[in-house]
Amino acid sequence: MNTPKALGPDIQNLYTYKELPIGATSIGLPPGRKTGLWRYLRTFFEEKTPPCQDACPLGNWIQRFVTRLGQEKLEDAWWALKLENPFPGVCGRVCYHPCEAACNRKELEGPTSVQAIERYLADHFLHTSCTPPITKDKQGKRMAVVGSGPAGLACAYFLAVMGYKVSVFEALNELGGIPRIGIPAYRLPRHVLDKEIADILSLGIEVNTGCRVGKDMAFSRLLDYDAVFLATGSHMEAPLHIPGEEYEGVYRGLEFLSRFNRKESIRLGEKILVIGGGNVAIDVVRTLVRLDRQPLLLYRRTRAEMPAFCEEIDEALEEGIEMQYLLSPVAIQRSGHKALTLECAKMKKEGLGKDGRPLVGPIEGEYLSFQADQIILATGEAPDLSFLDQGLQLTNGLIRVNEWGQTNHDKVFAGGDVIDQPWTVSEAIGSAKRAAIAIDHYLRGENLEEIAKTGALARTMREHLGIDNGLPQRKGTLASTKDLNLAYCTPLARRKTNKLSHSDRVGNFDEVNLGMGHEEALKETERCLSCGVCKMCGNCYLFCPDAAIALDPNIDRYVIDYEYCKGCGICHNECPVGAISIQSEGEE
Amino acid sequence: MLTGNYAAAYGAKIARVEVAPVYPITPQTHIMEKLAEFVESGELDAEFVPVESEHSALAVAIASQATGARSFTATSAQGLVYMHENLFVASGLRLPIVMVLVNRALGAPNSIYPDLNDSLDQRDTGWIQMYVENAQEAHDMIIQAYRIAEDKRVLLPVAICFEGIIISHYMEPVEILDQQKVDRFLPPYHPEHVILDPDRPMSVGQIVMDDSYYTEYRYQQQEGMDNAKVVIQEVDEAFGQAFGRTYGGLISTERIEDAEIALLTLGSLASTARAVVNHLRDEKGIPVGLVKLRAVRPFPDRELRECLGSVKAVAILERDVSLGAGGIIYTELLRGLQGLNYSPRLIDYIIGLGGRDVTFKDIQDIAGTTFEERNADSIDNPIRWYQVRGLS
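These protein sequences, in sequence, are chains U and S.
Under the working numbering, the first residue of the first sequence is numbered 1, with each subsequent residue one higher.
Under the working numbering, the first residue of the second sequence is numbered 1, with each subsequent residue one higher.
Since the hints were derived computationally from the structure, they do not count as laboratory data.
Fair warning: there could be bad hints in the mix.
Computed list of lysine-lysine pairs in BS3-like fashion (alpha-carbon distance at most 25 angstroms, straight line) [stated by the list, open to error]: (1) Lys18/U / Lys181/S; (2) Lys566/U / Lys34/U; (3) Lys152/S / Lys18/U; (4) Lys535/U / Lys482/U; (5) Lys271/U / Lys338/U; (6) Lys523/U / Lys496/U.
I would like the entire structure built from these sequences, with the hints used as guidance.
What follows is the structure, encoded as structure tokens:
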């Protein structure tokens with residue numbers, strides 16, 4: 001038997017047929033075998049941004065934690081989540097989940113339940129104390145954070161992870177901001193908030209409660225720190241400027257929630273009117289339902305224009321709350337001992353405003369009166385920035401900041417509800433993250449303008465800390481369904497989250513949304529299309545006709561061997577997630 | 001009692017095939033189904049690979065055989081012609097795959113009944129082709145085929161061909177060979193020439209440039225075919241010693257020694273023709289003999305010359321035609337008998353196409369005509385389409 005030997009046209013001394021191996025085998029590689037020489041198209045791994053991660057105000061590592069959970073690597077999933085968000089239990093409950101609105105799966109059977117998955121992970125690790133490792137020591141640089149809501153504590157967390165010494169100053173006696181005093185427990189059980197705050201504090205953060213800057217401590221003392229982050233939130237409830245709003249029995253929405261959540265006693269009659277259409281108004285009426293009251297909600301526009309989250313309004317209606325629209329309060333009168341009368345102007349729609357929302361105006365001479373024992377005005381809040389000093393610039397009553405949260409005072413940054421952005425928990429944490437990353441650059445003496453100009457200013461912790469071991473990414477390219485090969489997508493209906501029945505919601509503050517169990521959450525992860533991000537399915541390896549794609553065990557990634565890739569493009573077509581691009585050879 | 005298809009499936013099972021990629025096609029499908037059952041039930045320790053086409057079936061068999069796994073597949077008619085290009089790859093890479101070809105007439109017009117054009121058309125692809133006449137022979141020949149194919153002097157793929165419906169679907173008594181005896185007769189396949197092994201990288205079937213080795217590799221295959229003539233004979237004898245049955249190797253004959261005329265055929269027609277020969281000899285005293293062609297590739301030139309050198313006329317009964325030339329076996333025989341001092345008259349009967357029944361009487365009539373023509377000076381119209389309606 002003739003054994004294989006190196007064969008090729010380059011061989012000078014040709015073998016006889018008897019000397020040749022049987023079956024045209026060769027141990028060597030004649031040049032013609034290097035099929036890479038044939039290539040005029042080049043495929044290459046290039047990840048795109050999943051729309052969920054792009055839509056998330058925190059830039060959460062959604063694809064990663066969903067995929068890792070799907071692989072039952074719960075610890076990995078947890079770290080991918082917690083690295084970017086110190087409040088997964090809070091966001092898993094109260095975030096308005098723009099990730100799901102952006103999810104490509106919405107074009108199929110409905111978006112992946114990212115929020116329920118996030119919450120599942122947070123609940124799974126509810127009794128596990130965990131903090132990420134502190135990445136580097138910053139040689140004693142000290143940070144001050146004013147305010148302990150989601151923005152303040154998140155900024156403290158991110159900075160502490162980056163090795164800074166952080167002191168938090170909180171005016172109230174408890175940490176937590178709006179989630180502590182505003183959001184009702186049936187939406188956010190307090191033990192979840194407590195646990196996540198405890199995790200943050202365990203990084204060694206110094207806490208000063210009952211310390212209102214501008215009153216208990218001079219603003220100028222903040223400037224002794226190397227940098228300052230202002231996140232005092234929006235707690236001031238502006239007057240409506242109608243007669244009678246100062247009467248006893250008339251409350252402000254946030255004031256009511258805050259007093260109730262801090263267990264102060266409030267005497268409530270039977271007839272309660274709630275004015276407003278935002279999240280605070282909805283929280284107030286749903287709180288009242290749980291106190292066995294039937295409040296009436298009045299709103300000056302219509303249901304469609306209510307700024308509250310749609311799901312919250314739905315749940316309020318499910319709970320039997322009556323809402324009347326196109327009614328604007330004009331005066332409160334006292335009628336008898338403690339009874340109040342609210343007079344409202346009837347409103348009508350008057351075209352669209354500049355922001356696209358319908359404008360409303362009063363119908364002349366048409367009024368409606370309502371009797372009430374209490375009236376709760378939940379018509380909006382504004383930040384109280386009277387404590388500011390040192391010439392900090394404001395715009396429209398909000399602290400003016402640039403895109404990374406820096407004020408006109410170099411070492412002072414701001415985020416959350418004191419800056420011009422949507423006032424939500426996730427936007428607050430997102431602004432804190434942007435600021436924390438900018439503060440890190442600032443404290444290292446780097447020029448933020450320059451870094452931002454070159455596109456090197458990271459939006460996420462994984463980018464900033466360089467711990468995303470993903471494939472090269474084309475920045476700013478969103479993965480759309482056109483990038484995906486949906487032939488690999490198995491139809492799977494969106495899981496429904498479990499909810500407390502309506503009858504079980506009265507007389508207690510038990511959590512309404514019960515989330516998902518382990519099996520349901522795992523099943524839901526299968527719905528993630530992993531848009532634009534390699535999920536190591538191995539399709540490229542299986543399909544490559546030249547066996548030119550292989551797993552490199554050193555980096556745990558698939559790599560293309562261009563000596564053999566002949567540019568057929570099959571991997572590009574068969575990649576379910578669109579993480580393989582194709583272009584002409586030589587094209588940049 | 002087994003159908004020819006089940007007999008073949010049992011043959012593959014006791015040959016302990018390790019990989020079976022098969023795509024269904026009538027009249028072969030039972031083989032695939034039975035193999036799938038064997039694998040499912042654990043009776044056969046093999047990878048059953050459902051593929052999306054016959055082209056892929058053979059591609060998988062090529063790849064699996066190249067890793068050193070004994071591979072088996074089966075097909076018919078359109079499936080076989082769809083495999084065509086891979087047939088060359090299998091033989092060119094010297095991979096001893098065994099494939100059962102259940103003969104079926106090619107469309108159009110569409111047919112599910114047999115003739116031999118599908119397999120005979122593949123005679124130039126470098127495969128050994130053997131034709132069998134019943135279910136038992138089909139069963140036995142799969143065992144023989146692996147031993148022939150894997151012989152280091154041969155290393156070529158083997159096709160075992162039998163007619164669809166007539167053999168594939170009708171039940172006959174079949175003795176399934178004893179597994180222990182088969183294991184002694186057919187040891188496991190351990191290739192030394194081609195083996196895909198990640199730990200010992202080897203490129204297989206690589207390009208050879210115009211003036212390097214293409215001719216030499218083709219000549220190696222020719223040498224394998226030449227050796228196969230010897231090996232087929234040896235294996236049949238060894239089979240006889242192991243199992244008490246032989247088939248004659250490249251050809252088998254019936255009462256040919258003193259015959260004046262011969263019937264030459266292949267496949268199931270041989271059974272009918274044998275009965276005709278015995279009848280004419282015993283009842284009518286006509287000196288007729290039978291030659292059953294078993295191997296078409298390699299073509300048994302020498303063996304045919306030896307047994308036909310003294311007959312006066314040969315009637316070739318064949319279910320196939322090379323349009324524009326004549327019966328394929330007839331044209332092969334014209335070449336094969338070249339060089340005899342005395343050449344018999346050859347009369348070609350194209351018969352039974354598309355599964356048309358060929359009766360005892362048909363063959364008896366042909367033998368009678370041949371006997372009358374045995375001394376003719378010249379044969380008028382030597383290529384005869386038998387019983388074409390409207391053709392006088």
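**Message:** With the threshold set at 25 angstroms, check whether the alpha-carbon distance from Lys535/U to Lys482/U stays at or below it.
**Reply:** Since the Cα atoms of Lys535/U and Lys482/U sit roughly 18 angstroms apart, the hinted pair holds (cutoff 25 angstroms).
**Request:** Measure nothing beyond the straight line between the CA atoms of Lys566/U and Lys34/U; if it is 25 angstroms or shorter, mark the hint as holding.
**Result:** Holds. Lys566/U to Lys34/U sits at ~9 angstroms (cutoff 25 angstroms).
**Request:** Mind checking the alpha carbons of Lys523/U and Lys496/U for me, to see if they're no more than 25 angstroms apart?
**Result:** Given that 25 angstroms is the threshold and the Cα spacing comes to 11 angstroms, the pair holds.
**Asked** Straight-line Cα separation of Lys152/S and Lys18/U no greater than 25 angstroms?
**Response** holds, 14 angstroms
**Message:** Tell me if the straight-line CA distance from Lys18/U to Lys181/S falls inside 25 angstroms.
**Reply:** Not OK: Lys18/U and Lys181/S at ~35 angstroms, beyond 25 angstroms, violated.
**Asked** Are the Cα positions of Lys271/U and Lys338/U separated by 25 angstroms at most?
**Response** The hint holds at about 12 angstroms.
When held up to the earlier numbered hints, the structure conflicts with hint 1 and nothing else.
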